[in-house]
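2 protein chains.
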Amino acid sequence: MLQHFFNPSSVAVVGASQNPAKIGHDILNNIVRYGYGGAVYPINPRAQEILGHKAYPDLATVPSKIDLAVVAVPAPAVMDVLEQCGKNGVDSVIVITAGFKETGPEGARLEERLATQAREFGIRILGPNCLGVIDTASALNASFAAGMPLGGHIGFFSQSGAMCVAILDWALGENVGFSRFVSLGNKMDISETEIMLSMGQDENTRVILGYLESIEDGPRFMKAAHHVSKTKPIIIIKSGTTSAGAKAASSHTGALAGSEHAYRAAFKQSGIIHAESMQALFGYAIAFANQSLPEGPSLAIITNSGGPGILAADASDRSSLHLTPIRKETADRLREFLPPTASLYNPIDIIGDASHERYEKTLKVILKDQLIHAVLILLTPTAAVDAESVAREIAGLAKDADKPIVTAFMGEKRVRGARKIFQDHAIPTYDYPEDAVAALNAMLRYRQWLEKPEKQYRRFEANTGKVRKVFASVIKQHRHDLIESEARQILKAYGFRLPENRIARTTREAVATASEIGYPVVMKIASPDVLHKSDMGGVRVGLENEAMVEDAFFEITSNIQLRQPRARILGVMVQEMIQRGREVILGITRDIQFGPMIMFGLGGIYVEVLKDVAFRIAPLSVEEADAMIRDIRSFPLLRGVRGEAPADIEGILDGLLRLSQMAIDFPEIIEADINPLLVCPEGQGAVAVDARITIHE
Amino acid sequence: MLQHFFNPSSVAVVGASQNPAKIGHDILNNIVRYGYGGAVYPINPRAQEILGHKAYPDLATVPSKIDLAVVAVPAPAVMDVLEQCGKNGVDSVIVITAGFKETGPEGARLEERLATQAREFGIRILGPNCLGVIDTASALNASFAAGMPLGGHIGFFSQSGAMCVAILDWALGENVGFSRFVSLGNKMDISETEIMLSMGQDENTRVILGYLESIEDGPRFMKAAHHVSKTKPIIIIKSGTTSAGAKAASSHTGALAGSEHAYRAAFKQSGIIHAESMQALFGYAIAFANQSLPEGPSLAIITNSGGPGILAADASDRSSLHLTPIRKETADRLREFLPPTASLYNPIDIIGDASHERYEKTLKVILKDQLIHAVLILLTPTAAVDAESVAREIAGLAKDADKPIVTAFMGEKRVRGARKIFQDHAIPTYDYPEDAVAALNAMLRYRQWLEKPEKQYRRFEANTGKVRKVFASVIKQHRHDLIESEARQILKAYGFRLPENRIARTTREAVATASEIGYPVVMKIASPDVLHKSDMGGVRVGLENEAMVEDAFFEITSNIQLRQPRARILGVMVQEMIQRGREVILGITRDIQFGPMIMFGLGGIYVEVLKDVAFRIAPLSVEEADAMIRDIRSFPLLRGVRGEAPADIEGILDGLLRLSQMAIDFPEIIEADINPLLVCPEGQGAVAVDARITIHE
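For the record, the sequence lines run as chains Y and R.
1 is the number of the first residue of the first sequence in the working numbering; add one for each residue after it.
1 is the number of the first residue of the second sequence in the working numbering; add one for each residue after it.
Chain Y with its partners taken away, still in its complex shape (with noise of 0.2 Å):
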């Protein structure tokens, strides 16, 4: 997939310079200097050679085949240079140069004549306004970036050329091997998805890391995450998640940054590993890149001195690793060699006189252990110990280690040179214990999610040509709200049960439906213009008699017809009272990146003033409806409390996955809640007693 980005027999560098100020010289440099095997043809009308390679006047001149094109040519010049490139059999094209949708809307029609043009030709473009791509493994450096990193096994993709140039630049410090950097640039054409997914297929990329300010096509995204996220990690930055950095990103590149309820479920239901900060980033790279992923969740800390090990104990506590005591046999090996102040607890204590034979002994009897999952290794450079000499015994065990190793040592200047044994031994080490367990923190979490059953969908029933029916009716009024009774036929459709109801139009009608549906009732306005009924004094609830209809039929179109003049009244609903039951909301919403979105919350306060709710992307498969129903603090309420009885989380799950449906088979639904879903005790179902629709054409 995209081989000639990466792989490719021939590179023309269009635009390519003899002056060094160009940067159509760094790129045909940076492409000559770090070994790059096959053809290179610089692209000059006024130059014979540059960089020691024959330079063609235009691509049309090249003899032989171009897999690959680098612009790097002013703005206005790069549709000639597509033309030529299209009229050559050139099908991948990396266009460096900016000016274009960054700029505002002159270079956005720019752009969209250039992708046109690209279509056209049947022409792959990345970029434009990137800073190009390498291929440690074809030894490519088609970018202008300033240096080359080693080979190794992180691909990195990136909205930000800066980020780039960054991550480049810590990759030399730090000697971290990569496999491939690719800078997205506007994404005109070739979007981080198809990226992700060569990445998926190249067998020189373990780990993919991921910088994203907005992304392009979200379920499409997602499909692809969900499916390389199987092989290979996927770690993923994303920025402007907050208002001021969603505008920060949009006078960046005029990205829409997208909610950030919409992101963290979208990378929790495709498998993405979400790094929240750049340091996580890091961290997190060094440790998949280079260490197996842990078999479960116990974790054993050694260490030679209290306080660092307390940290990383206390890190520990809050993720999902588990500090297990250290089992008799392990701490018998232990005792054999260890001087009895140790603390064969975990964190094993191996105290402030321990050497690097100490270290050694140790991991090797942790190493053995097949409870234990994961090892730390922390150190505090007291003079008995010389830090090179254990990070060199750790280097030797870990090769053969089955199970993942990370290292913190504290300090800098005495342990700077274990550090440096640990980056070239490919040994994730960190300068703080609680980054260490961080890391392997999310190791292990990848490791739950690689082990989930496949997805399970479950499909409904469901009445579309009714559906269809009444939003065309709804349309055709000019209206974008549903009324009750529409709703409630949409509802129908979807087979979610409803109470009871029907309109009345005059007190005596409201009477006898009430005494048809039986007592107690509700009653509600019924209108297309009255949306919240209840501040309106539009509804009345537990009316137990005849009386009690009469009053409420008057007072509810009084109250509207004094509060709403406008409002037309189509009568009032008289409904079944639901008595029994616990109130919650189920919701769509929907994300500019990522379509529909669900919503789940308990009724009332606790979505409105506990801000207490969970998102998830539709579709839903029953374990994320059922993860999503978990998630809430007020979760706890639903299975009872106080010796109440459990409410149908059956019966949540079934709604959830009901509207996920309608979701996904009505794209015009802007916005849909049903307020309140009352859920009846276990086993009983739950009905949806009122619901609130919006359309668009």
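Some hints here could point you the wrong way.
Copies of the same chain are indistinguishable here, so a pair counts whether it falls within one copy or spans any two.
As the list claims (entries may be wrong) - Straight-line C-alpha distance at most 20 Å; calculated DMTMM-like pairs for lysine to aspartate or glutamate:
| hint | residue 1 | residue 2 |
| --- | --- | --- |
| 1 | K611 | D631 |
| 2 | K420 | E174 |
| 3 | K611 | D317 |
| 4 | K469 | D626 |
| 5 | K54 | E682 |
| 6 | K54 | E546 |
| 7 | K455 | E329 |
| 8 | K455 | E623 |
In case anyone wonders, no lab produced these hints; they're calculated from the structure.
Since this is a predicted model, take the numbers as computed values, not measurements.
Given the structure of chain Y, go ahead and fit chain R onto it with the hints provided.
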């Protein structure tokens, strides 16, 4: 304060050794080699001279006065040395020797004897089981640490010797200057509180840093911290805050960690800056030590690339800082020299081709804008920029700046030199933008602490004699739990408003009492043995008439006789039923380190299920009580949602302050809660409906 520990005229090293493998050699060597100017007396009966200093067989033979003795003899010999110290007028002793409390019960007994002896002689002791003391101003390194930090303004104390070693090594590696290092060891005599106070008085110390696993005397510690933090920032990392961490800590030093709630409250109330990780501790330290505090929350970010700017904006949005738009005058001034593609929004993106001149000009303009309170400068090592030149420009301008400047240069290889320049010029620099923002935020929060008005306390009339009498009677009956009528007397003594009530022994009495109080009433079992009255069927509410009261009396008494046949039944309490109000819970718990802690939350599921609770250490100031009410997530419910009347916040405040006073007046209260306190609508106060109080002898 403790002057002889930090600036002695003479030091004796008891156990000084010629053997470089001995700690007694390291200590003497450290004292001698780093330029300490006072007299040095090695004490060793088997040596004539050590490291060029005449050795003495014992303290008595030293010809002049000894200000400080550093003891590194085996544990069994320490007692004798202490006696010598006493007899020879040495009033300050550092006991390096290990083998005391940390080794178990026998060591603990030895330590107790040592403490008694020290008190008798009036000797102050640091340790035992410590690394020693460093004071850079007096060039005294009375420790066995490997190295001497540069002089500077950070004072560090630590309960873990390893943390001293690690931080010293970090200081040496990063050229961070320190005023003092103090290893607390077992804190037999001198505790963190005294060290904090002494650093508060030390003119060379501007920032106090601490690592703690436990706290000796919580209230004293808080008082001292509150006092010192009003002039110098105190930054503390507390380990052992999780259960795994606490286990590790107690196996390490035998120290009890105390509850995390108590720590967080204590730190907040006494102005301590809580570092959540080692990284935060370091990051905050270099910012506080070298930069002025921001005068307000307005942050400007200068960057040469979008991505890092967005990450910084995200971090800022999650903090107390504001990323306010740059005002027109300043933007105009920037526009004079910035390219048109630069973004004058905030972050100010001076774009990828920015040189050091552009950085300098931009920073100059920003520093002049008095609406900006802090500056963060980001740099990505693009081809156009020389990071070191930028660093030098910043260092030049920072000297005279009236606002804090921090930096984060992205990458490693090409920014290493710039980081070194920042270190040399005391400009805080961070590997990642997020950490830079966190440090500025900590400074802002500290500034806000300084600006807080002095704490105001309210003192209420209380009938303490009555309380004492009730408690005495309870203890006399060998009980610890007060029955309801007793608890009511206590609350009454502290001026709480209570619902009217009386115990009825017969159905007849109950009916008479109910009609006196007025319907509706509540009835509850009155028994010293039934603690969970509701669960036992011992409560009936909403009793509207004689018949209901009769039934209730029968039901309640038979329920209890059935379910808890051994319970002594004093009768049934008939109580006024308060009908309008919001249920909240106020409580007292006792933390082993900080003493009485006041708890607040909304009633029922808010505390029990949602864990939405606030804690503060007693005594509460008015402002603290108010803050804890507003701390809970469900606070908006008290202000009233959906048109409800706001609850009487002043009534809650009053209750919290009364409870706080009670907790301080009566340390024998182990646990108490008022559940519920029924809070009436604004202006109408609150009623303590039910209470439980547990005391010890």
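* Asked: From the Cα coordinates, with 20 Å as the cut-off, is the pair K469 and D626 best called within, between, both, or neither?
  -> neither (32 Å within a copy, 56 Å between copies)
* Within, between, both or neither, where K611 and D317 count as close if Cα-Cα is 20 Å or less -> The answer is between: 19 Å across copies meets 20 Å, while 26 Å in one copy does not.
* Copy assignment of K455 with E329, given that the CA separation must stay at most 20 Å -> neither (41 Å within a copy, 57 Å between copies)
* Under a CA distance limit of 20 Å, which applies to K54 and E682: within one copy, between copies, both, or neither? -> For K54 and E682, neither the intra-copy (79 Å) nor the inter-copy (87 Å) Cα distance is at most 20 Å.
* To do: Go through the copies and call it for K54 and E546: within, between, both or neither, with a Cα cutoff of 20 Å.
  => Answer is neither; intra-copy 98 Å and inter-copy 110 Å both fail.
* Up to 20 Å between alpha-carbons, please classify K455 paired with E623: within, between, both or neither. => Within one copy only: 7 Å inside, 52 Å across.
* Status of D631 relative to K611 across identical chains (alpha carbons, at most 20 Å) -> Both ways: K611 and D631 sit 12 Å apart in one copy and 15 Å across, limit 20 Å.
* Asked: From the Cα coordinates, with 20 Å as the cut-off, is the pair K420 and E174 best called within, between, both, or neither?
  -> both (8 Å within a copy, 17 Å between copies)
Violation of the numbered hints given earlier is confined to hints 4, 5, 6, 7; the remaining hints are satisfied by the structure.
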